[in-house]
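Based on the sequences and whatever the hints tell you, model everything.
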Amino acid sequence: MITPWLNSHLLTFLVFAPFILGAVLLLFPERQAPLAKLLAILGATGLLAIAAAHLFRMQPGAAGALFVERSYWFTAVGVPVEYHLSLDGLNFWLVILTVFLVPLTMLGTWNSLTSRAGSAFALFLMLESGMLGALVAQDLLLFYLFWEAMLLPMYFLIGVWGGAERKYAATKFMLFTLAGSLLWLVALLYTAGHAGSFSPEVMAQAAARMPVKAQNLLFLTFALAFAVKVPLFPLHTWLPDAHTEAPTAGSVILAGVLLKLGSYGFLRFAIPIFPGSAVHYAGTLAALSTVAIIYGALVAMMQTDIKKLVAYSSVSHMGFVMLGIASFTVVGTQGAMLQMLNHGISTGALFLLVGMIYDRAHTRRIADFGGVALRMPVFTAFFLIVTLSSIGLPLTNGFTGEFLILNGTWLSGFGWGRATACFATLGVLLSAAYMLWMVKRVFWGPENPDPESGTHHLHADLTPREIAVMLPLVVLIFWMGIHPQTFLGHSETQVSRALVQAQAPAARTPVFDAEVK
Amino acid sequence: MYLSAGEFSAILPLLIPALGACLLPLAALDKDQATVKWVRGAMFLMALFSLAGGFLYVARLWASGAQPTYGPLQMDRLGQFACIFTYVAAALAVLQLWDHLHQEGWVKGETLSLLLFSATGMVLFASSSNLILLFLGLELLSIPLYALTATVRTRPQAFEGGMKYFLTGAVAASCFLMGSVLLYGVTGSMELSTIGQFIGAARPDPLVLVGTALVLGGFLFKISAVPFHQWTPDVYEAAPHPITAFMSVATKAAAVLALLRVLGAGVPAPGALRIQSAVAVVAILTLVLGNLAALAQENIKRMLAYSSISHAGYLLLGVVAGTAEAYTGIIFYLAAYLAMNMGAFGLLSCFGLVGDRTTFDDVKGLGWKRPDLAVLATLCMFSLAGIPPLAGFYGKYMIFKELILQGHVGMAVAGVLASLVSVYYYLRLPVALFLDKRSEKAEREDAERPGFRAPLAGAALLVCGFLVVVMGLFPGTLYKGFAKRVVEDAFHIVR
Numbered sequence: 000m001i002t003p004w005l006n007s008h009l010l011t012f013l014v015f016a017p018f019i020l021g022a023v024l025l026l027f028p029e030r031q032a033p034l035a036k037l038l039a040i041l042g043a044t045g046l047l048a049i050a051a052a053h054l055f056r057m058q059p060g061a062a063g064a065l066f067v068e069r070s071y072w073f074t075a076v077g078v079p080v081e082y083h084l085s086l087d088g089l090n091f092w093l094v095i096l097t098v099f100l101v102p103l104t105m106l107g108t109w110n111s112l113t114s115r116a117g118s119a120f121a122l123f124l125m126l127e128s129g130m131l132g133a134l135v136a137q138d139l140l141l142f143y144l145f146w147e148a149m150l151l152p153m154y155f156l157i158g159v160w161g162g163a164e165r166k167y168a169a170t171k172f173m174l175f176t177l178a179g180s181l182l183w184l185v186a187l188l189y190t191a192g193h194a195g196s197f198s199p200e201v202m203a204q205a206a207a208r209m210p211v212k213a214q215n216l217l218f219l220t221f222a223l224a225f226a227v228k229v230p231l232f233p234l235h236t237w238l239p240d241a242h243t244e245a246p247t248a249g250s251v252i253l254a255g256v257l258l259k260l261g262s263y264g265f266l267r268f269a270i271p272i273f274p275g276s277a278v279h280y281a282g283t284l285a286a287l288s289t290v291a292i293i294y295g296a297l298v299a300m301m302q303t304d305i306k307k308l309v310a311y312s313s314v315s316h317m318g319f320v321m322l323g324i325a326s327f328t329v330v331g332t333q334g335a336m337l338q339m340l341n342h343g344i345s346t347g348a349l350f351l352l353v354g355m356i357y358d359r360a361h362t363r364r365i366a367d368f369g370g371v372a373l374r375m376p377v378f379t380a381f382f383l384i385v386t387l388s389s390i391g392l393p394l395t396n397g398f399t400g401e402f403l404i405l406n407g408t409w410l411s412g413f414g415w416g417r418a419t420a421c422f423a424t425l426g427v428l429l430s431a432a433y434m435l436w437m438v439k440r441v442f443w444g445p446e447n448p449d450p451e452s453g454t455h456h457l458h459a460d461l462t463p464r465e466i467a468v469m470l471p472l473v474v475l476i477f478w479m480g481i482h483p484q485t486f487l488g489h490s491e492t493q494v495s496r497a498l499v500q501a502q503a504p505a506a507r508t509p510v511f512d513a514e515v516k
Numbered sequence: 000m001y002l003s004a005g006e007f008s009a010i011l012p013l014l015i016p017a018l019g020a021c022l023l024p025l026a027a028l029d030k031d032q033a034t035v036k037w038v039r040g041a042m043f044l045m046a047l048f049s050l051a052g053g054f055l056y057v058a059r060l061w062a063s064g065a066q067p068t069y070g071p072l073q074m075d076r077l078g079q080f081a082c083i084f085t086y087v088a089a090a091l092a093v094l095q096l097w098d099h100l101h102q103e104g105w106v107k108g109e110t111l112s113l114l115l116f117s118a119t120g121m122v123l124f125a126s127s128s129n130l131i132l133l134f135l136g137l138e139l140l141s142i143p144l145y146a147l148t149a150t151v152r153t154r155p156q157a158f159e160g161g162m163k164y165f166l167t168g169a170v171a172a173s174c175f176l177m178g179s180v181l182l183y184g185v186t187g188s189m190e191l192s193t194i195g196q197f198i199g200a201a202r203p204d205p206l207v208l209v210g211t212a213l214v215l216g217g218f219l220f221k222i223s224a225v226p227f228h229q230w231t232p233d234v235y236e237a238a239p240h241p242i243t244a245f246m247s248v249a250t251k252a253a254a255v256l257a258l259l260r261v262l263g264a265g266v267p268a269p270g271a272l273r274i275q276s277a278v279a280v281v282a283i284l285t286l287v288l289g290n291l292a293a294l295a296q297e298n299i300k301r302m303l304a305y306s307s308i309s310h311a312g313y314l315l316l317g318v319v320a321g322t323a324e325a326y327t328g329i330i331f332y333l334a335a336y337l338a339m340n341m342g343a344f345g346l347l348s349c350f351g352l353v354g355d356r357t358t359f360d361d362v363k364g365l366g367w368k369r370p371d372l373a374v375l376a377t378l379c380m381f382s383l384a385g386i387p388p389l390a391g392f393y394g395k396y397m398i399f400k401e402l403i404l405q406g407h408v409g410m411a412v413a414g415v416l417a418s419l420v421s422v423y424y425y426l427r428l429p430v431a432l433f434l435d436k437r438s439e440k441a442e443r444e445d446a447e448r449p450g451f452r453a454p455l456a457g458a459a460l461l462v463c464g465f466l467v468v469v470m471g472l473f474p475g476t477l478y479k480g481f482a483k484r485v486v487e488d489a490f491h492i493v494r
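Each protein sequence line maps, in turn, to chains A and B.
The letter at position 143 of the first sequence is residue 142 when you use numbering that gives the first Met the number 0, and the numbering goes up by one with no holes.
The letter at position 73 of the second sequence is residue 72 when you use numbering that gives the first Met the number 0, and the numbering goes up by one with no holes.
These are calculated hints, taken from the structure and not from any lab test.
Pairs of lysine-lysine, DSSO-like flavour, derived with a Cα cap of 27 Å:
id: 1; chain 1: B; residue 1: K363; chain 2: B; residue 2: K436
id: 2; chain 1: B; residue 1: K436; chain 2: A; residue 2: K171
id: 3; chain 1: B; residue 1: K440; chain 2: A; residue 2: K166
id: 4; chain 1: B; residue 1: K436; chain 2: B; residue 2: K368
Over the 12 Å line for every Cβ pair with chain A, so calculated as not near, a few chain B residues:
id: 5; residue: G40
id: 6; residue: L55
id: 7; residue: P205
id: 8; residue: L208
id: 9; residue: E297
id: 10; residue: E444
Which bits of chain B does chain A cover? Going by a derived footprint, with three or more residues having C-beta under 8 Å, they are:
id: 11; region: 393-400
id: 12; region: 411-425
id: 13; region: 468-476
Cβ atoms here follow ideal geometry from the backbone N, Cα and C, with glycine treated the same way.
Here is the structure:
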């Protein structure tokens, strides 16, 4: 009885089951926290199992949506709002990434929270609902609702369980993201009012009939909302604060999924609805992305806190994603799709590792460490693998993503393509520099002689639980590096179709075609 | 005097609570200490029953689709909405009052009686189409409120707040009356539809304009729009929490509904446009001032007072948009505002924060003591801030949408920016509840204070939280089944 219902309402189940479970778990009193945690992780794992069982049967590369649920919801001021969810090539892997990262993060941060852990896990499940909802929503108002609904659990995760400056960081996070999206709401309502629908296709048709100036303005508000989330330079300032202050679980999900929704929003809504304006502003986007890549890397290099370093490296890596999108080539955009997943895996793993060392040493200052490799060899091995993937060593996921993006940018039909690619490559170099320098200072060399230092608190290497968390991530790192086609196949049709509509300048001769196919 | 059945059914929704209000003081005459507890209970029950009576009668009227009138008293859909709205708000206030007044140690029957009179006056104000009757309604709703503000006479601020409200309110009422006199003098009629023709004329008499401005001032005072807002924070702070909640919600609604009646049914196009452009200026000023002043408040009640001013701004933006859809949005907004603001004040009663102990410091860390209540109040706050998918979001959404479609994109952007500012101060309550640690001083005071239980206020808060979520998840039901019908059935001249 359940299975046929699931087959036709899989997306509804995926989106709302975590929310309902989370709401129930919130009612648990604090002394029942271990039980609540257990139920939360069982629920999240069950969701992963159900999603995997249903999704992996699907043929990769299938054009069109794999799952659709569509029904009329309500009419507000004359414009019908639809309950329209669908799963297709653009969001397929992001959905899987979400349902995969949540139970893993729960397991990885099992003992990190000491107070009210049950409520934190419950909020975490609610956050999962919001993210999944935003990923599969097709109606723009529905998307907007989920987009905003994501903020609340994250706000509390940072604000209640975060570090010393948590109130400041949480409020900044909230205000920045709301500032972007409220203006976007005005644009959204304006476009929807003209189109008479919140469906992206209908809105795109209506937008095409508007004067170019209006289109450009509307695109800019869409772009603003998504760019804050990405976060694109100079709208990134909330991110380091939020990342640093958030508890490990929050940082992992923030980096792993939440940021992706910004770039996903570009691919799903902003570019298809305003293709002309998107091409018009491609240069600006690419320039900002390049600045983000280099600026993020330079600032990361200067950090004294490992977590903050990883946070700024996020700014840099997400810059690559935006650069790939701005290149308006199939290669570049596919690279951006892959890089979104990469960043979710690698940076998520890095945040988990930083959390693990912080739980032991209660410090994240680079200067407090030194010679960690002697005390925690297993941890060091994992950290090194993830670091190498993050700086894009060939055969790891980071390499494939960045390679495709740089390739796409180089081949891009825009005049700025080659110069931007060169500058962005500098970012790869810089990321190798800051990551390896950090690794050198933390892990290698003699042990920190100070008896109060962080190194001296590291009495135990990774537990089997922590190794179990890291192993799947490491497997993915290599899988994505060696056989990216598994992850690229789904989106190819849709990406090329979207790019044809955008009518960007034709790409140059694809010298590296063999790599992509 | 002979009343037809229709005429009788037009005034009955007003008569039932008024009758209850008259009977209540009789119960208060019993001074026997042995029975005082029972008498108290009976009085609260009586108040609830008379509100329920009025509510049920109007609900049946609504279901039957009848729109009876009695002279200038229009018990049409708009009037019926005003009835339902006011009585629900009053009932929620009565529930909260039981707990709050016991915490204050000042339980008197006349409080309830005054509340019922005020509710009757609000309905009268929102359902009359004649200047005299409007004035009667205005006074009947205001004078009990002046007294209610000062009802807990043991509090020194109560008297000051009541006096302040009374003096400013009296000025506003005289403005309204003066305006009415001018309008009557020029037009020779008290009927809104006739006066509307004069206001709507291509080149109206300057006296008509002055009169209209004065009458409008009376309305804006009750809505607490800038520059008629100065009384709001002081009065809100002085009044008992449930009364403040009732005042903020129901007075505003009655005045807005009456304004809608005047604009929607009485004034033809050029005049209405003139009023709308005046309202536009007021709306923007109200938004800016309300939101900026709210940022600086340390007292939750004062914060809510300024937030209530800013909500007046949003409602007025709907008036500026001026279409049937925008009016529908206003009705929706009011319904959402009822739930969320009642809930916000309900928290204060639930936590037993009496007197001046209503600052953000006083609620620090309380959220973890009663997470259920705190979560409900947090929902109300997020809804006030307009964060989806809660009821408050759709209210703003509908109004902004209409503004944009009518070409007032700039005003919509201003409204959106204002609501961004508002997020900051609405967040302060959840921040204090959940993110801050309880101070040692507060812990000590908690230990000294006798334990409080507030089951009725808690129930009221639960209802509010439930409504905020349900209206947010199913906005279409309220919109189509309720708000839209109010506007469609009550107004025939809506452009």
